[in-house]
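Peer 1: Quick note, the sequences are listed as chains Y and B, same order.
Per this note's numbering, the first sequence starts with residue 13, numbered consecutively.
Per this note's numbering, the second sequence starts with residue 13, numbered consecutively.
By construction, these hints were calculated from the structure, which means they are not laboratory data.
Note that the structure is a prediction, hence the values are computed from the model and not measured.
Note that the Cβ used here is the ideal one computed from N, Cα and C, for glycine as well.
Check before you lean on any hint, since a few could be wrong.
Reference excerpt, derived from the structure (chain Y facing chain B, CB under 8 angstroms, subset only) [claimed, not checked]:
#1 49
#2 208
#3 209
One-sided excerpt, in silico: chain Y residues whose CB lies under 8 angstroms from chain B [stated by the list, open to error]:
#4 91
#5 189
#6 197
#7 213
#8 220
#9 227
#10 237
#11 258
#12 276
#13 283
#14 301
Quick look at which bits of chain B chain Y covers, simulated, 3 or more residues with Cβ under 8 angstroms [to be verified]:
#15 125-136
#16 139-153
#17 216-227
#18 264-272
There are 2 protein chains.
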Amino acid sequence: MRDVCVIGLGLLGGSLLRAAATAGRAVWGAASGDDAAAARAAGFDATTDTTRALRRAAESDALVVLAVPLPAVDEVLTLVARHAPECLLTDVTSVKTPVLTSVRELAGRVRYAGGHPMAGTTDSGWAAGDGTLFDGASWALCVEDDTDLTAWRETAVLALDVGATVCPLTATEHDDTVARISHLPHLFAEVLAAVAARNGPLAGALAAGSFRDSTRVAATRPELVQAMTEGNRAALLPVLDEALGALGAARGSLASTGGLAATINAGHAGVTSLQRHTLNDRTAIHIDLNAADARTALAALGHQGGRVTVVDDATVTAEVPGEQDFS
Amino acid sequence: MRDVCVIGLGLLGGSLLRAAATAGRAVWGAASGDDAAAARAAGFDATTDTTRALRRAAESDALVVLAVPLPAVDEVLTLVARHAPECLLTDVTSVKTPVLTSVRELAGRVRYAGGHPMAGTTDSGWAAGDGTLFDGASWALCVEDDTDLTAWRETAVLALDVGATVCPLTATEHDDTVARISHLPHLFAEVLAAVAARNGPLAGALAAGSFRDSTRVAATRPELVQAMTEGNRAALLPVLDEALGALGAARGSLASTGGLAATINAGHAGVTSLQRHTLNDRTAIHIDLNAADARTALAALGHQGGRVTVVDDATVTAEVPGEQDFS
Chain Y
13 MRDVCVIGLG LLGGSLLRAA ATAGRAVWGA ASGDDAAAAR AAGFDATTDT
63 TRALRRAAES DALVVLAVPL PAVDEVLTLV ARHAPECLLT DVTSVKTPVL
113 TSVRELAGRV RYAGGHPMAG TTDSGWAAGD GTLFDGASWA LCVEDDTDLT
163 AWRETAVLAL DVGATVCPLT ATEHDDTVAR ISHLPHLFAE VLAAVAARNG
213 PLAGALAAGS FRDSTRVAAT RPELVQAMTE GNRAALLPVL DEALGALGAA
263 RGSLASTGGL AATINAGHAG VTSLQRHTLN DRTAIHIDLN AADARTALAA
313 LGHQGGRVTV VDDATVTAEV PGEQDFS
Chain B
13 MRDVCVIGLG LLGGSLLRAA ATAGRAVWGA ASGDDAAAAR AAGFDATTDT
63 TRALRRAAES DALVVLAVPL PAVDEVLTLV ARHAPECLLT DVTSVKTPVL
113 TSVRELAGRV RYAGGHPMAG TTDSGWAAGD GTLFDGASWA LCVEDDTDLT
163 AWRETAVLAL DVGATVCPLT ATEHDDTVAR ISHLPHLFAE VLAAVAARNG
213 PLAGALAAGS FRDSTRVAAT RPELVQAMTE GNRAALLPVL DEALGALGAA
263 RGSLASTGGL AATINAGHAG VTSLQRHTLN DRTAIHIDLN AADARTALAA
313 LGHQGGRVTV VDDATVTAEV PGEQDFS
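Here chain Y stands alone, though its shape is the one from the complex (with noise of 0.2 angstroms):
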């Protein structure tokens, strides 16, 4: 089993430091002053010297994890092109297209494959992770057409040992769909929970358990969401768009004839149509890394909703969604 080195010990990097000792990979990391201590209290290997864990990374060829906050990313970039410039090298970052930019232009070397583990809390730091985060998430891992297989390969090895399936998928595609179902749904608890707060007190007394749930994240740190929302403007600008206009028709519609039926049916076709697809019955399917396709394939196998569940040498085992129609 590879070595893992985690390059921030925040709620991911830390809960990833956790799990993968836990599946027996030998595992340090580097991490602010705080998050540092508190992993070594907890037995950990951590420091607060960045170089040196890079360096120990080069010398082992250890998978290297970018786990800090998108503004900080293009700053260890430049510590990693220069103590480990062609080491393995992955992300835990909630936007892809612009890491992806950040490693050609700073790091050209390293063998890349960007990751996004689909799991999280509204706590954040060392204290907040769980070795447990990943059991049963699924972890966006990144292929474009000229991502190092290796790389790829080491991560989603990592992943599956800490509990997730793999969805491999392009930075583009991951960014859209982090988009949709995760920074418009932030900005919407954001608006949700400043409009509810308006009318004061009664808000409180009378909001049940949908409000709650529909308003959760919103208690999310703000320069957290911020980094990941700011952080994905190209994707989020048109997502945001398509919501305005849907919104906006509701509210003509609301004023002109009372009617919200198409939006309401919309709705409720589209949290059918996704459910159905977590649902449905699955139909394995094997790609070859060695194969000349290889990393079309697997892409195509994402834009199917497809997960990976086992990577075994050089074979991926995937599940598919089946064409069966449960509505």
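Based on these hints, arrange chain B on the given structure of chain Y.
Peer 2: Just chain B, lined up with the frame of chain Y:
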């Protein structure tokens, strides 16, 4: 304990029939064929003959609870005016001004206090009902300048009997509040589900728990969402405009400076202030229902986020959020 006659035995009416029976009340109900048959099969006194149920209520001076969907309210009120014209009446409909207007127009002699228990699931019908549905829920109970305080008191006692706490407020305040904490969240969930479903299987494969939380209510039967949102049109329109204004500002800021701090900070402050209203210290106060200013005192209590926890003869005991600030 006063007898209870429930008209409409779907999710709310069916749950109330069960809960009131468990609390030791004599209960009977009327509903359309399927729900009435299911209630009878479960051992309850249920009929499809609304007239007969209302006549029995008039004879025993029972509390009549309207638990039919908003579009059916007027038809039932016409029957109430004919067969139980001076009965004690409440309802559990999700909007209050339209029902109050209908009661005044169609059954002007009844003693009425409008109610709305803040509880529910995405399912509907007798089978979805549950005698513990109201445990710990907030029950909005309207008080206007001319509200009959016997109807208000009898409904409050029933709500407390089935495990809820009671929030007194005016119909106008109620409709504005539920537009903010329920109807706007429903529309947002519909739009989120529709926008996410547009990129097909990928959204389903990557969606995590936070997305399911954000869109859960989009699984509600479309006709129920339509009835509640369209029925609250007058209050929902200005709230929808507030939300569109906030989202439009976010869109403009993201497109120009790229910054979303104002949107995100407002949302975080909102959710923090709502939690504070829920969590903080509470002071007990008492209101005498025989006092000349009882209605004003009740409405002021609700306006501060207060909840009635005990009704004893003519004295209401309530908890009001304290001044302490936990932020």
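Peer 1: The structure should be examined with respect to each hint, and the outcome stated for every one.
Peer 2: Against the structure, the hints come out as follows:
| no. | hint | verdict |
| --- | --- | --- |
| 1 | 49 | violated, 27 angstroms |
| 2 | 208 | holds, 5 angstroms |
| 3 | 209 | holds, 3 angstroms |
| 4 | 91 | violated, 26 angstroms |
| 5 | 189 | holds, 5 angstroms |
| 6 | 197 | holds, 4 angstroms |
| 7 | 213 | holds, 3 angstroms |
| 8 | 220 | holds, 4 angstroms |
| 9 | 227 | holds, 6 angstroms |
| 10 | 237 | holds, 5 angstroms |
| 11 | 258 | holds, 5 angstroms |
| 12 | 276 | holds, 5 angstroms |
| 13 | 283 | holds, 4 angstroms |
| 14 | 301 | violated, 20 angstroms |
| 15 | 125-136 | holds (count 3) |
| 16 | 139-153 | holds (count 3) |
| 17 | 216-227 | holds (count 10) |
| 18 | 264-272 | holds (count 5) |
Hint check: violations occur at hints 1, 4, 14; the rest are consistent with the structure.
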